[in-house]
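Asker: Read off the chains here:
There are 2 protein chains.
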Amino acid sequence: MPEAKKPNPARRNERSRHAILDAARELIREVGYAKVSIEAIAARAGVGKQTIYRWWPSKGAVVFDSFLALSGNPEEGITLPDTGDIEADLKLVMRATAAEFADPDFEAPIRALNSEIISDSGLAAQYREKLARPVDDAKKARLRAAQQAGQLASDADLDLVLEVLYAPLYQRWLHRSGPLTAEYADALVDITLRAFRP
Amino acid sequence: MPEAKKPNPARRNERSRHAILDAARELIREVGYAKVSIEAIAARAGVGKQTIYRWWPSKGAVVFDSFLALSGNPEEGITLPDTGDIEADLKLVMRATAAEFADPDFEAPIRALNSEIISDSGLAAQYREKLARPVDDAKKARLRAAQQAGQLASDADLDLVLEVLYAPLYQRWLHRSGPLTAEYADALVDITLRAFRP
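These protein sequences, in sequence, are chains A and B.
Residue numbering for the first sequence follows this note's numbering, starting at 1 and increasing by one per position.
Residue numbering for the second sequence follows this note's numbering, starting at 1 and increasing by one per position.
Treat the hints with caution; some may be incorrect.
You can't tell identical chains apart in this list, so a pair holds if it fits in one copy or across any two.
Computed cross-link-like contacts, DSBU-like style, restricted to lysine-lysine with a CA-CA straight-line distance of at most 35 Å [said to hold, decoys possible]:
#1 Lys140 with Lys49
#2 Lys49 with Lys91
#3 Lys91 with Lys35
#4 Lys35 with Lys139
#5 Lys130 with Lys59
For the record, the hints were derived by calculation from the structure and aren't laboratory data.
As the structure is a prediction and not an experimental result, all values here were calculated from the model.
Okay, chain A solo, but in the shape it has when bound (with noise of 0.2 Å):
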């Protein structure tokens, strides 16, 4: 992001890039990832398309940014909550995580997001690289320090451990074949817990 020298240029532009996030995520959701344009974004932000390629360097960038801005930006550092106990921080967590699945504002775009990427092998790399790894990082330092703690196995493999406890969740919301509760994500943490006991 440039950084502007004066405040009423950064005032403005960060009302640019705002309305340029706001519009990806609502033009996706109303006619879908493929359909979306560079222009359309532009018109209903009101800026012009050389703004949004001042910042961005494509269409999969400015709508990973329009997710991204949803829950804070991944690549500038999120860590989970960390009180010592793994089974609360991990409940909280998910708890939230299915809550978010839950509402239709947040899971309308992400949902059109994951259609493309199942038949996008790019954009599903793209997605890895700029969303899931930063994500997945954080969570697997919270699991390490639970590792540390003897709370976890010392040799789970932690990218099994992300899949058990977050990929139900997952599919149940891709496939709306289940409600997703705060007892349904606590049951996934405690037999996440279970399993990958020392």
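Based on these hints, arrange chain B on the given structure of chain A.
Answerer: Frame of chain A, contents of chain B only:
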């Protein structure tokens, strides 16, 4: 499926049915589910549109049957192996599932279908009813036998067991986020049995 009264029409019907299902799968791989039409399937199969409508009520129905034909129709009854050893039986099934998902011929149409299922809740419901539920019922019957044999907790939620067993593999396949090997299949079985042991 209509019963033909004489051998020749029955053979002709069977040939037409196979040609239609093959055409549906080919077209889905080539152009994606959204762009496949009954007309295109009929043309590719060398049959009239009315032949398709005589046997299937909709595009969704013929497409589903084309997937079901790949691995046998679950509505005709599937059963999981039962040697009495739940670990060995699940590893056999999970290794086969991993190999299927890793096979480009098998996975391409299923990927196209999954991409559609995610954005189309009607298709998702049809998928659950026609494909997922009969298969899940067969798997749950095997898990129930394991519960009776004291190999799985008697109070285990079998829907959750299936999610923990399959969803990580499914997500890894969808996002191409890791290898789908026999070792991975075995690890998922080990973890699931550990999580749900009595």
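Asker: Of all the hints numbered above, which does this structure not satisfy? Sort the numbers upward.
Answerer: 1, 2 and 3
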